[in-house]
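If you read the sequences in order, they're chains A and B.
Quick note: the first sequence uses the working numbering, first residue 1, plus one each step.
Quick note: the second sequence uses the working numbering, first residue 344, plus one each step.
Mixed in with the good hints there might be a few duds.
Unchecked claim - Cross-link-like lysine-lysine pairs, in silico, DSS-like; alpha carbons within 25 Å at most: (1) B:K384 with A:K32; (2) B:K530 with A:K55; (3) B:K398 with A:K261; (4) A:K294 with A:K174; (5) A:K64 with B:K604; (6) B:K530 with A:K261; (7) A:K55 with B:K517; (8) B:K530 with B:K517; (9) B:K530 with B:K384; (10) A:K252 with B:K398.
If you're looking for bench data, these hints aren't it; they were derived computationally from the structure.
The lines below spell out each chain.
2 protein chains.
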Amino acid sequence: MKRRDVLKVAGAGFAAAAIAKPAIAQSMPELKWRCTSSFPKSLDTLYGGAEIFAKAVAEATENKFQIQVFAAGEIVPGLQAADAVTNGTVEMCHTASYYYVGKDPTFALPCAVPFGLNARMQNAWVYFGGGIDLTNEFYKKYNIYALPAGNTGCQMGGWFRKEIKEPGDFNGLKMRIGGYAGRVLQKLGCVPQQLAGGDIYPALEKGTIDAAEWVGPYDDEKLGFYKVAPYYYYPGWWEGGTMIHAFINIDKWNSLSPTYKSIVRTAADMTNVWMQAKYDAVNPAALRRLVAEKTQLRPFSQPVMDESRPPTRCSRRFGNRSAISATRNTCGGRWPSTTTTIT
Amino acid sequence: MKRRDVLKVAGAGFAAAAIAKPAIAQSMPELKWRCTSSFPKSLDTLYGGAEIFAKAVAEATENKFQIQVFAAGEIVPGLQAADAVTNGTVEMCHTASYYYVGKDPTFALPCAVPFGLNARMQNAWVYFGGGIDLTNEFYKKYNIYALPAGNTGCQMGGWFRKEIKEPGDFNGLKMRIGGYAGRVLQKLGCVPQQLAGGDIYPALEKGTIDAAEWVGPYDDEKLGFYKVAPYYYYPGWWEGGTMIHAFINIDKWNSLSPTYKSIVRTAADMTNVWMQAKYDAVNPAALRRLVAEKTQLRPFSQPVMDESRPPTRCSRRFGNRSAISATRNTCGGRWPSTTTTIT
Numbered sequence: 001m002k003r004r005d006v007l008k009v010a011g012a013g014f015a016a017a018a019i020a021k022p023a024i025a026q027s028m029p030e031l032k033w034r035c036t037s038s039f040p041k042s043l044d045t046l047y048g049g050a051e052i053f054a055k056a057v058a059e060a061t062e063n064k065f066q067i068q069v070f071a072a073g074e075i076v077p078g079l080q081a082a083d084a085v086t087n088g089t090v091e092m093c094h095t096a097s098y099y100y101v102g103k104d105p106t107f108a109l110p111c112a113v114p115f116g117l118n119a120r121m122q123n124a125w126v127y128f129g130g131g132i133d134l135t136n137e138f139y140k141k142y143n144i145y146a147l148p149a150g151n152t153g154c155q156m157g158g159w160f161r162k163e164i165k166e167p168g169d170f171n172g173l174k175m176r177i178g179g180y181a182g183r184v185l186q187k188l189g190c191v192p193q194q195l196a197g198g199d200i201y202p203a204l205e206k207g208t209i210d211a212a213e214w215v216g217p218y219d220d221e222k223l224g225f226y227k228v229a230p231y232y233y234y235p236g237w238w239e240g241g242t243m244i245h246a247f248i249n250i251d252k253w254n255s256l257s258p259t260y261k262s263i264v265r266t267a268a269d270m271t272n273v274w275m276q277a278k279y280d281a282v283n284p285a286a287l288r289r290l291v292a293e294k295t296q297l298r299p300f301s302q303p304v305m306d307e308s309r310p311p312t313r314c315s316r317r318f319g320n321r322s323a324i325s326a327t328r329n330t331c332g333g334r335w336p337s338t339t340t341t342i343t
Numbered sequence: 344m345k346r347r348d349v350l351k352v353a354g355a356g357f358a359a360a361a362i363a364k365p366a367i368a369q370s371m372p373e374l375k376w377r378c379t380s381s382f383p384k385s386l387d388t389l390y391g392g393a394e395i396f397a398k399a400v401a402e403a404t405e406n407k408f409q410i411q412v413f414a415a416g417e418i419v420p421g422l423q424a425a426d427a428v429t430n431g432t433v434e435m436c437h438t439a440s441y442y443y444v445g446k447d448p449t450f451a452l453p454c455a456v457p458f459g460l461n462a463r464m465q466n467a468w469v470y471f472g473g474g475i476d477l478t479n480e481f482y483k484k485y486n487i488y489a490l491p492a493g494n495t496g497c498q499m500g501g502w503f504r505k506e507i508k509e510p511g512d513f514n515g516l517k518m519r520i521g522g523y524a525g526r527v528l529q530k531l532g533c534v535p536q537q538l539a540g541g542d543i544y545p546a547l548e549k550g551t552i553d554a555a556e557w558v559g560p561y562d563d564e565k566l567g568f569y570k571v572a573p574y575y576y577y578p579g580w581w582e583g584g585t586m587i588h589a590f591i592n593i594d595k596w597n598s599l600s601p602t603y604k605s606i607v608r609t610a611a612d613m614t615n616v617w618m619q620a621k622y623d624a625v626n627p628a629a630l631r632r633l634v635a636e637k638t639q640l641r642p643f644s645q646p647v648m649d650e651s652r653p654p655t656r657c658s659r660r661f662g663n664r665s666a667i668s669a670t671r672n673t674c675g676g677r678w679p680s681t682t683t684t685i686t
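Please model the entire structure based on the sequences and the hints provided.
What follows is the structure, given as structure tokens:
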């Protein structure tokens, strides 16, 4: 309604209603969004994060802003969630950014990099080290506005059909491994595979792959890996605190009122603490059950750790300096040049 | 408006308005609350938590639900914040629950106990181990409904005018120390004092006390302790992950609509992750500055740690068992009997 129309209507005695209403209509409109998760429903912590997020947004807006969550595969496969946001198939997704390192290795940085930040350091960086703004400068190339919305904490090193005693045992090993770490393990002769959660068990059972890492005891137990691979290694040095994100189509984000933007941001922060807390609550008991099922728990040997670490010049910097200054330097431009030493 | 009045009005053709309006009026009414913080404004992380919380609530409700934050001393002193909530002087406060162990030692449990939970374990317990419901069964005696809304992480052991090499060095030492830990240090001959943040520096400067612990490098630097006590000890074994709470007058909480309750809960969760992230972002640089100011950084010796630990039978249980089962047992009734071995 243009200003002169308002004046006309005012003449008819409707001025108060005509002026008061748009403020509410613009800031809390009825919205229905679709969120595609990268995870199957059975993983109630990873998948559940998107549902908790959507519930908080719906409750805060009295169901005016509804976000329907779809499991991996319902709209697009789990590893194509970001593409669905980029091209506007869905308004948003809930995913692990490092699934998309094939497009650009920078996708790993807000999520997890080998010998990188732990969960608390990651939060310190994204909320107080400029991490959210810095990574969104990158994401906008893909029409994405990203908010942290979950963390798994440090993950396990994964399930192996045979023991890994020394770096040479990785030679020729076909392993499902997420994100950037595969490129590091390639240096040890490992053949990394990127598979979505639901595809790992059959591959490990048939021997198409020799090893697989997913998340940690609670999720790994659900996926049943302990039935087909006896050795469970730790730590997952490539995922010290894997951050999960809400990727929102940037036009959809920009179209939100300040009220809805604030509600979405707060709900994402809540989901972040929710997911880490849930993993921390359920993992210890799951690990106990796995060991009772004859899982052989093993630390990676020092030679394996040492051989994995040196090539990641960029990542070593994370370990040696404070979270913020390290990440600022890395994300601020040096990442591409340092990664050339890895790939 | 009584039901029969509605019917009368309906006859006059206003039925739709009369029926539709209450749904909005009840769920998102105009509210103005006062929140008294236990902390001075200068401590922008502890005090700032209440402001971030209030901002999120205001933004989500388009300023319909406004919470005005007051620094310690503006309405009541910092250590009387809970009383102000209990007796309805204010609708809510933002405080450390262990300030009130004088009323009942159970107040320490949701906040911090010696050799207790770290920040992530604390979150696992409150969100997924029944912690919030369990502690609110206790708080209702004080007309309080409590929500976690902040964490400092593991704190430092504090500032000492002379070195502490062995347990005997605590004998006769007058020390400002928060929460339950003072009762443990009493076993070593220490004379614990409970002082609010703003009162510590003058007491330490004049020599009224010999030592003081507050939080960690960032806050301690602001309070200036390094100028009057050269030795800075770690770890603060009595505060492995000190949780800060929003205490809400229980009648005020019960009077909120489901929409407002959800908005308050989500904002409190956001504040929880916000505060820990901020401390993790600012503490390392502050510690570096303190050391540059000639602060002598010292770990407590093993004999000091060992002597502090054995009397806390109850707390040892926390260290040896999973967060949830330990806390369930402790809070479920055994706390009073075990604490009798300490006091």
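Against the structure, the hints come out as follows:
With a C-alpha separation of about 41 Å, the suggested pair K384 of chain B and K32 of chain A falls outside the 25 Å cut-off, and the hint is violated. Only pairs whose Cα atoms come within 25 Å are accepted, and K530 of chain B paired with K55 of chain A is rejected, the gap being roughly 49 Å. Distance check on the hinted pair: K398 of chain B and K261 of chain A sit about 13 Å apart at the alpha-carbon level, within 25 Å; holds. Taking the CA atoms of K294 of chain A and K174 of chain A, the gap is about 23 Å. The hint holds against a cut of 25 Å.
With a CA separation close to 17 Å, the supplied pair K64 of chain A and K604 of chain B stays within the 25 Å bound. With a C-alpha separation of about 53 Å, the suggested pairing of K530 of chain B with K261 of chain A is violated against the 25 Å cut-off. Simply put, K55 of chain A and K517 of chain B have alpha-carbon atoms about 51 Å apart, too far for the 25 Å limit, and the pair is violated. For the given pair, K530 of chain B sits about 13 Å from K517 of chain B by alpha-carbon distance, which is consistent with the 25 Å threshold.
Distance hint between K530 of chain B and K384 of chain B is unfulfilled; the C-alpha atoms sit about 35 Å from each other, more than 25 Å. Under the criterion of a C-alpha separation no larger than 25 Å, the hint pairing K252 of chain A with K398 of chain B is consistent with the structure, at around 24 Å.
Going down the numbered hints, you'll see the structure goes against 1, 2, 6, 7, 9, while the others check out.
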